[in-house]
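S.K.: Sequence:
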Amino acid sequence: MSSTATRAGIAIGAVLALTWVAFGFWAFVFVAFAMAIGAIVGRVIEGKLDLSAVVGAFRGKRSSS
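Per numbering that gives the first Met the number 0, the sequence shown starts with residue 0, numbered consecutively.
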């Protein structure tokens, strides 16, 4: 793991922890969900995630790759 990934993980953990402490559990859940959606959108834009393969996996279709 690179130091950049470690720093990103620390920052994400700090944001989530501070959200929980300052605003409560449901705000924490909302922020975590929004961060996950943002990460998925970022992966799709970068071309590192094939959205059609993900949708196919949820529909029960198997991928050949």
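For the record, the hints were derived by calculation from the structure and aren't laboratory data. A portion of the hints provided could be inaccurate.
Pair by pair, the computed Cβ-Cβ distance ranges are [said to hold, decoys possible]:
1) A7 with V43: 16 to 22 Å
2) F29 with A52: 26 to 32 Å
3) I44 with F24: 20 to 26 Å
4) W19 with R61: 27 to 33 Å
5) A10 with L48: 20 to 26 Å
6) A13 with K60: 36 to 42 Å
7) E45 with V20: 28 to 34 Å
Here a beta-carbon is modelled for each residue, glycine too, at the ideal position from N, C-alpha and C.
S.K.: Does each hint hold? Answer for all of them.
M.R.: These are the hints, each one checked on the structure:
Between A7 and V43 the CB atoms are about 19 Å apart, so this pair conforms to the stated range of 16 to 22 Å. Take F29 and A52: their Cβ atoms lie about 28 Å apart, and the range 26 to 32 Å holds. Here the CB-CB span from I44 to F24 is close to 31 Å, at odds with the stated 20 to 26 Å. Distance hint for W19 and R61: a CB-CB separation of about 38 Å, inconsistent with the stated range 27 to 33 Å.
Restraint check, A10 to L48: a C-beta distance of roughly 22 Å satisfies the suggested window 20 to 26 Å. Take A13 and K60: their Cβ atoms lie about 39 Å apart, and the range 36 to 42 Å holds. Our hint of 28 to 34 Å for E45 and V20 holds, since their Cβ atoms are close to 32 Å apart.
Checked against the numbered hints given earlier, the structure breaks hints 3 and 4 and satisfies all the rest.
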